[in-house]
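For the protein sequence lines, the chains are A and B, in the order given. Take the first sequence: its position 303, counting from 1, is numbered 303 in the numbering used here, and each next residue is one higher. Take the second sequence: its position 84, counting from 1, is numbered 84 in the numbering used here, and each next residue is one higher.
Quick caveat, the hints were computed from the structure, so don't treat them as lab data. Honestly, I wouldn't trust all of these hints.
Claimed, not checked - Derived pair list, reagent style EDC-like, types lysine to aspartate or glutamate, alpha-carbon separation capped at 16 Å: (1) A/K194 x B/E71; (2) A/K134 x A/D119; (3) B/K99 x A/E187; (4) A/K282 x B/E93; (5) B/K49 x A/D226; (6) B/K49 x A/E187; (7) B/K99 x A/D119; (8) B/K49 x A/E227; (9) A/K315 x B/D100; (10) A/K185 x B/E93.
Said to hold, decoys possible - To give a feel for the contact side, a few chain B residues facing chain A, derived at Cβ under 10 Å: (11) Y31; (12) D34; (13) I35; (14) Y79; (15) K84; (16) L87; (17) N90; (18) D98; (19) S105; (20) D124; (21) V127.
Computed from a predicted structure; not experimentally measured. For every residue, glycine included, the Cβ atom is placed at its ideal position computed from N, Cα and C.
Spelled out, the chains give:
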Amino acid sequence: MNMITRNIQKHAASLLKAETVDVFIGFKAGSFPMSAAPVIIKNPEQAQALIWDSNCRLNLANYLTNRTDKIGIVAKGCDSRSIVNHIIENKITRDQLHIIGVPCSGMVDKTKIASEFTDEITELREQEDSLVIKAGSETRILAKGEFLRSNCLSCTHRNPVLYDQLAADLVTEPVIENQFADVDKIESLSRDEKWLYFDDLIQNCIRCYACRNSCPLCFCPTCFVDESNPQWVGKGIDSTDVRTFHFLRAYHCAGRCTDCGACVEACPMDINVRDFTRKLNKDVLDMYGWEAGLDIKKRPPLDTFNPNDPDEYIK
Amino acid sequence: MAEKQIKIVAFLCNWCSYGAADLAGVSRMQYSTDIRVIRVPCSGRIDAKLILSAFREGADGVWVSGCHPGECHYLEGNYYARRKFILMGNLMEHMGIDKDRLHFSWISSAEATKFAKVAQEVADTIVPMGPSDRFVKRAV
């Protein structure tokens, strides 16, 4: 058991025992290798089910929406930024929360790892900075740093921005020369190539809405995809409808997305849906100097304005 | 069969650009006939969903026009709109849709001449591009 897991279990048990919180939200081991599942526990005995490893890819802020009880929650950098978003958007209050911050060393990309092996992976263990992986009869050691998710590779907020207690020492934030190299790559394509790039990207989309459901930002009582009068987007996998869905889903995250990668993690078809939201993240940073979820006192960019905002594009 | 007529959907703010269109009309100013006007309460009311709907239903271009910054009937609707539009336009371009199919302008209700001029400019940009073939669900 690693040090962070031990600390999380200890903190969770004592918070529940002291009744500082009514529930505690964390991760438990998933039912497959290379997976971790969100769990909500209610008594101190259950705390031993909690874990922390490099598979805690989902965003726990998603489970806070509109809760009325007192909550203890585990938060890595991106989760804590999503919690800040939730507080700004009045989905939860700061007083209700006791946040156990986890400085994050990045989560691993399960698809990238799986592609290294021909057999199905049956076990993944972590030893410091390496991953010990069993697949079929083979056991191999991989360097964790080479198998991080792409959003973890471009992350500059590994430390939680809002927390009450820490489960480990803070880590040094990496300095990344160009955080948006992936967006620049798409931007360098011609218009037709861009169209084909996204056509190709979403051709496997089955419209299961896992990306929407796993996203802590998607909490509208009725999602636009479920509205029928007017119907903004058709239900099937018609290519225009799929594109409309992804366009609007991303657009609704403008200035709010923390690039936590929960959408990509949840996608059963391995679609890098971040390609849509990344462009918006880049634009709000360039134009409004904004990165989502860093300050509970600041209003998000689409909820405020500046009389001197750029408007050269307007006649 | 006759060639498809180009259709440009214009979302005009009730308090300014719509008035300008009215004034242009009573002043007998000439501008392109490819424009179809939809009156909206404020340019701040324009959502990405409305613009996409227009394209999905077969519009070949969309033009949104509201009050000059600082002159919004609701004080600040157009300031919010300005932030939304630029992000939306950029995302459309990013996904491979020609930004020139989407136009924005600020026209006050006294600026009938500007209205006619911009209407003509919008049409002159979009008509030569021909019918839109991206994001079209049902062309009408």
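Quick one, is the B/L87 hint okay against chain A at 10 Å, beta carbons? holds, 5 Å
Problem - Hint validity - B/D124 Cβ closer than 10 Å to any chain A Cβ - result: violated, 12 Å
Quiz item: Is it true that the CA of A/K134 sits at most 16 Å from the CA of A/D119?
Solution: holds, 9 Å
Original post:
Is B/K99 within 16 Å of A/E187, Cα to Cα?
Top reply: holds, 13 Å
message: Min Cβ distance, B/Y31 to chain A: is it shorter than 10 Å?
response: Check failed: Cβ of B/Y31 comes no nearer than 14 Å to chain A, outside 10 Å.
Are A/K282 and B/E93 close enough, with their CA atoms no more than 16 Å apart?
-> Measuring from Cα to Cα gives roughly 14 Å; hence the hint holds.
Check: Holds or violated: B/V127 as interface residue toward chain A, Cβ cutoff 10 Å?
Finding: Violated - the Cβ of B/V127 stays beyond 10 Å from chain A, reaching only about 17 Å at its closest.
With a cut-off of 16 Å on the C-alpha distance, tell me whether B/K49 and A/D226 pass.
holds, 13 Å
Can B/K84 be said to touch chain A, with a Cβ gap under 10 Å? holds, 6 Å
Closer than 10 Å between Cβ atoms is the bar; does B/N90 clear it against chain A? Give me holds or violated.
-> With a minimum Cβ separation of about 5 Å from chain A (threshold 10 Å), the hint on B/N90 holds.
Q. Is the straight-line distance between the alpha-carbon of A/K315 and that of B/D100 16 Å or less?
A. holds, 12 Å
(request) Have a go at the B/I35 hint: is there a Cβ in chain A nearer than 10 Å to its own Cβ? (result) violated, 14 Å
The earlier numbered hints that this structure contradicts are 1, 6, 7, 11, 12, 13, 20 and 21.
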